[in-house]
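> Respectively, the protein sequence lines represent chains A and B.
Just so we're aligned, residue 0 is where the first sequence starts under numbering that gives the first Met the number 0, counting upward by one.
Just so we're aligned, residue 0 is where the second sequence starts under numbering that gives the first Met the number 0, counting upward by one.
Since the hints were made in silico from the structure, they are not lab data.
In this text, all values refer to a predicted model and were calculated from it rather than measured experimentally.
Among these hints, one or two may not hold up.
[Claimed, not checked] For the chain B half of the interface with chain A, some residues (derived, Cβ under 10 angstroms), not all of them:
1) Asp263
2) Lys272
3) Gly274
4) Trp275
[As the list claims (entries may be wrong)] Derived DSS-like pairs: lysine-lysine, alpha-carbon spacing no greater than 30 angstroms straight-line:
5) B/Lys272 - A/Lys114
6) B/Lys36 - B/Lys60
7) B/Lys127 - B/Lys148
8) B/Lys278 - A/Lys132
9) A/Lys114 - A/Lys132
10) A/Lys132 - B/Lys8
11) A/Lys187 - B/Lys272
12) B/Lys262 - A/Lys119
13) A/Lys114 - B/Lys262
14) A/Lys188 - B/Lys278
15) B/Lys106 - B/Lys143
16) B/Lys272 - A/Lys188
17) A/Lys114 - B/Lys278
18) B/Lys117 - B/Lys188
19) B/Lys272 - A/Lys132
20) A/Lys132 - B/Lys3
21) B/Lys127 - B/Lys108
22) A/Lys188 - A/Lys7
23) A/Lys132 - B/Lys262
24) B/Lys8 - A/Lys119
25) A/Lys7 - B/Lys272
26) B/Lys23 - A/Lys132
27) A/Lys119 - B/Lys272
28) B/Lys23 - B/Lys8
29) B/Lys132 - B/Lys106
30) A/Lys188 - B/Lys262
Cβ atoms here follow ideal geometry from the backbone N, Cα and C, with glycine treated the same way.
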Amino acid sequence: MTNILELKGVSKGYGENQHRSEVLHDVNLTIRDGEFIAIVGFSGSGKTTLISLLAGLLLSDTGSVTMRGNTITGPGPERGVVFQNYSLLPWLTAFQNVKLAVDSVFPLWSSAQRKEHVEKYMNMVSLGHAMHKRPGELSGGMRQRVSVARALAMSPQILLLDEPLSALDALTRGTLQSEIARIWEQDKKTVVLITNDVDEAILLADRIIPLRPGPRATLGPEFAVNLARPRDRKELNHNEEFKRIRNTVTKYLLDAAATQKSAAPVAREIRLPDVKPIDLRLTTA
Amino acid sequence: MSAKQTLVKAINAAGLPAFEPVVKLAFMDEPRVQMRKIGLYIGVPILAFGLFLALWGAVAKSVVTKYGTLPTPGEVWHEASNLYTAHNLAREEERKYYVELAEKTAKQKTEASELRVKAATAATPEEKTAIEKRAARLEGLVEKAALKKYSGSPTYLDQIFTSLKTVFTGFLIASAIAVPLGIVCGLSKTFMAAVTPMIQIFKPVSPLAWLPIVMIIVGAMYTTDPSVAWFEKSFLTSAITVALCSLWPTLINTALGVSSIDKDFLNVARVLKLGWFEKVWRIVIPASLPLIFTGLRLSLSVGWMVLIAAEMLAQNPGLGKFVWDMFQNGSSQTLSQIMVAVFTIGIIGFMLDRIMIVFQKAVSFEAVVA
Chain A
0 MTNILELKGV SKGYGENQHR SEVLHDVNLT IRDGEFIAIV GFSGSGKTTL
50 ISLLAGLLLS DTGSVTMRGN TITGPGPERG VVFQNYSLLP WLTAFQNVKL
100 AVDSVFPLWS SAQRKEHVEK YMNMVSLGHA MHKRPGELSG GMRQRVSVAR
150 ALAMSPQILL LDEPLSALDA LTRGTLQSEI ARIWEQDKKT VVLITNDVDE
200 AILLADRIIP LRPGPRATLG PEFAVNLARP RDRKELNHNE EFKRIRNTVT
250 KYLLDAAATQ KSAAPVAREI RLPDVKPIDL RLTTA
Chain B
0 MSAKQTLVKA INAAGLPAFE PVVKLAFMDE PRVQMRKIGL YIGVPILAFG
50 LFLALWGAVA KSVVTKYGTL PTPGEVWHEA SNLYTAHNLA REEERKYYVE
100 LAEKTAKQKT EASELRVKAA TAATPEEKTA IEKRAARLEG LVEKAALKKY
150 SGSPTYLDQI FTSLKTVFTG FLIASAIAVP LGIVCGLSKT FMAAVTPMIQ
200 IFKPVSPLAW LPIVMIIVGA MYTTDPSVAW FEKSFLTSAI TVALCSLWPT
250 LINTALGVSS IDKDFLNVAR VLKLGWFEKV WRIVIPASLP LIFTGLRLSL
300 SVGWMVLIAA EMLAQNPGLG KFVWDMFQNG SSQTLSQIMV AVFTIGIIGF
350 MLDRIMIVFQ KAVSFEAVVA
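Modelling step: build the complete structure from the supplied sequences, incorporating the hints.
Put into structure tokens, the structure is as follows:
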């Protein structure tokens with residue numbers, strides 16, 4: 000398999016000089032064509048920064064981010080992003096939201112061709128019936144499906160999912176996980192999933208890479224998931240291999256968090272202003 | 000969707016939520032709750048207004064001015080119907096004038112054609128030329144009559160119409176300037192920094208200060224022959240003054256709307272690699288429409304307020320001039336006539352605001368996003 004995306008010694012921070020805080024430090028990652036990888040980490044560990052780098056929405060301070068050998072200089076439709084908060088345009092219907100993407104990515108197609116393309120992906124995410132509703136009239140799960148359909152309809156070479164399911168309730172989450180697995184089985188597109196849910200990562204991914212908590216977050220050793228597909232979440236609960244991976248990954252993340260905490264410099268002491276009201280008197284009635 | 004839901008939706012879209020309980024009551028949906036709501040949102044306001052009128056009526060007679068006592072609500076109402084009657088009379092006059100004119104020209108026309116026939120059978124060439132001359136004179140009169148316009152003084156309703164026309168023209172000029180400028184301001188921090196001082200300085204300027212400048216400039220620049228001009232000078236002066244004073248709310252709100260667009264929407268534009276124009280047209284403008292319309296709504300109400308002052312000072316036709324003329328007349332009806340104008344201005348202002356609310360609701364998507 001060829002490599003599609005490559006990160007070498009990437010770091011990214013905000014601020015300058017002594018105010019600079021490095022979010023990601025020395026991140027190395029190779030993503031191969033057609034694989035489903037999951038990056039798991041705690042909230043605030045720099046996951047969104049990482050996916051923004053992959054998408055090209057942010058540029059790295061040091062190191063290189065390359066796609067098929069070419070340095071990424073900005074976002075583009077060859078890397079479809081599904082944002083955590085859906086990012087649907089609320090004044091357009093679900094259909095129009097997807098169509099906007101199709102129109103701008105395939106300007107040379109005929110309008111009938113584009114319409115058909117949009118409908119294909121709306122049906123793929125099982126939203127054929129709700130195509131002409133606006134995001135405000137859809138549930139959270141349905142909105143995220145529209146967002147997935149929009150990303151897929153751009154026919155990207157790689158799909159970047161930024162905690163796509165974290166805003167959803169547990170039941171909807173489960174359904175959408177199966178749906179993502181089903182869609183991925185269909186065309187085996189390269190997918191990078193960012194998540195804070197270890198179970199979700201094991202259910203979907205070929206490889207799990209933990210993100211050690213920030214600041215100066217970096218990627219840990221990868222854990223291969225060699226469970227046969229399609230994976231059934233009910234059966235997985237009794238699968239020994241599933242349990243083993245879950246325990247290892249969870250333990251790794253917890254240990255990493257613990258060392259991070261002890262290694263982190265003591266948080267700045269907060270000095271409270273030394274004030275007291277000058278006219279405060281205790282009086283007896 | 001049931002008829003009830005459709006009606007309720009329509010009422011809310013029309014910006015008249017006070018009538019929602021009436022519809023629900025008609026469908027017997029929780030009648031007790033609806034009755035209470037009707038009492039609160041329709042009953043109480045009507046009662047309060049009645050109280051206000053009663054108070055006014057009670058106090059009016061004790062305020063004595065050189066034009067007599069302050070008119071009571073009844074007198075004002077009477078004056079309003081007088082003005083309406085006067086309008087109808089003037090229209091009747093106008094109609095009569097045109098009927099008479101038409102009759103006269105018809106007569107002249109037949110006379111002229113008779114003369115032409117006569118001329119053809121004239122005995123001598125001298126006689127023929129004389130007759131033809133007469134015919135030509137009559138035909139000339141007929142031609143002139145077609146261009147004749149009734150020249151009665153404008154009625155109260157004419158003044159209202161003129162004011163509305165002026166305010167909308169001014170409002171359109173203001174919007175055409177403020178919306179694009181606001182979009183550029185919102186998109187470019189540099190541009191915003193450049194124009195902010197100017198906005199801050201010109202925004203608080205009263206229409207009364209702009210007016211003389213506008214009058215002088217329009218007077219100098221607008222030199223089109225009045226017989227072919229599209230607008231009168233006075234109309235243009237008022238409209239431009241309205242525009243100058245009312246463009247600020249739209250400008251500021253548009254800039255705010257554009258600069259505060261959800262970053263996610265712009266990320267979508269970046270991922271899709273939309274061009275600058277496409278980004279503005281498909282993402283920036285729709286996303287900031289609710290705030291743009293908030294600005295437009297404020298602008299229209301400012302414009303309406305400014306217009307009355309401008310018309311009054313500049314002696315431009317319209318409601319402002321009406322008020323000023325009545326003030327100058329100084330008759331016993333002066334006060335009631337001005338009060339009719341006050342209520343007219345208020346009610347029209349209120350209606351303009353309602354119309355803008357309807358537009359604002361139509362373009363806002365925030366309400367539906369959970």
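> So, for every hint listed, does it hold in this structure?
Cross-check of the supplied hints:
1. Annotation: B/Asp263 was flagged as interfacial toward chain A, and the flag holds, the nearest CB pair being 4 angstroms apart, inside 10 angstroms.
2. Residue-level restraint check for B/Lys272 holds (minimum Cβ-Cβ distance to chain A is 6 angstroms; threshold 10 angstroms).
3. With a least beta-carbon distance of about 9 angstroms to chain A, the hint placing B/Gly274 at the interface is held under the 10 angstroms criterion.
4. A hinted interface residue such as B/Trp275 counts as satisfied when its beta carbon comes closer than 10 angstroms to some beta carbon of chain A; here the least separation is about 13 angstroms, so the hint is violated.
5. Under the criterion of a C-alpha separation no larger than 30 angstroms, the hint pairing B/Lys272 with A/Lys114 is consistent with the structure, at around 20 angstroms.
6. A distance of roughly 37 angstroms separates the Cα atoms of B/Lys36 and B/Lys60; the hinted pair therefore is violated under the 30 angstroms criterion.
7. Proposed proximity of B/Lys127 and B/Lys148 is contradicted: the alpha carbons are some 34 angstroms apart, above 30 angstroms.
8. With a C-alpha separation of about 23 angstroms, the suggested pairing of B/Lys278 with A/Lys132 holds against the 30 angstroms cut-off.
9. The suggested pairing of A/Lys114 with A/Lys132 holds, with an alpha-carbon distance near 16 angstroms, which does not exceed 30 angstroms.
10. A hinted pair counts as satisfied when its Cα atoms are at most 30 angstroms apart, and A/Lys132 with B/Lys8 qualifies at roughly 17 angstroms.
11. This hinted pair checks out: A/Lys187 and B/Lys272 have alpha carbons roughly 25 angstroms apart, not beyond 30 angstroms.
12. Of the supplied pair hints, the one linking B/Lys262 and A/Lys119 holds, its CA atoms being roughly 29 angstroms apart against a limit of 30 angstroms.
13. Note on A/Lys114 and B/Lys262: the hinted pairing holds, with a Cα-Cα distance of about 28 angstroms set against a maximum of 30 angstroms.
14. Taking the CA atoms of A/Lys188 and B/Lys278, the gap is near 29 angstroms; set against the 30 angstroms cutoff, the hint holds.
15. Restraint check: the Cα-Cα separation between B/Lys106 and B/Lys143 comes to about 14 angstroms, which is no more than 30 angstroms; the hinted pair holds.
16. Our distance criterion of 30 angstroms between C-alpha atoms is met by B/Lys272 and A/Lys188, whose separation comes to about 21 angstroms.
17. For the hint linking A/Lys114 to B/Lys278, the alpha-carbon distance of about 21 angstroms falls within 30 angstroms, and the restraint holds.
18. Pair hint B/Lys117 plus B/Lys188 does not hold up; C-alpha atoms about 83 angstroms apart against a cutoff of 30 angstroms.
19. Annotation: proposed proximity of B/Lys272 to A/Lys132 holds, straight-line Cα distance about 25 angstroms (limit 30 angstroms).
20. For the suggested pair A/Lys132 and B/Lys3, the alpha carbons sit about 21 angstroms apart, so the restraint of at most 30 angstroms is met.
21. Only pairs whose Cα atoms come within 30 angstroms are accepted, and B/Lys127 paired with B/Lys108 is accepted, the gap being roughly 18 angstroms.
22. Our distance criterion of 30 angstroms between C-alpha atoms is met by A/Lys188 and A/Lys7, whose separation comes to about 23 angstroms.
23. Taking the CA atoms of A/Lys132 and B/Lys262, the gap is near 23 angstroms; set against the 30 angstroms cutoff, the hint holds.
24. A threshold of 30 angstroms between alpha carbons decides the hint, and for B/Lys8 with A/Lys119 the separation of about 33 angstroms lies outside it, so the pair is violated.
25. Of the supplied pair hints, the one linking A/Lys7 and B/Lys272 holds, its CA atoms being roughly 26 angstroms apart against a limit of 30 angstroms.
26. A distance of roughly 26 angstroms separates the Cα atoms of B/Lys23 and A/Lys132; the hinted pair therefore holds under the 30 angstroms criterion.
27. A distance of roughly 23 angstroms separates the Cα atoms of A/Lys119 and B/Lys272; the hinted pair therefore holds under the 30 angstroms criterion.
28. Between B/Lys23 and B/Lys8, the direct Cα distance comes to roughly 12 angstroms. Compliance with the 30 angstroms bound is thereby established for this hinted pair.
29. Distance restraint check for B/Lys132 and B/Lys106: the Cα-Cα separation of roughly 17 angstroms lies within the 30 angstroms cut-off, and the hinted pair is therefore satisfied.
30. Restraint check for A/Lys188 and B/Lys262: the C-alpha separation of about 28 angstroms stays at or below 30 angstroms, so the hint holds.
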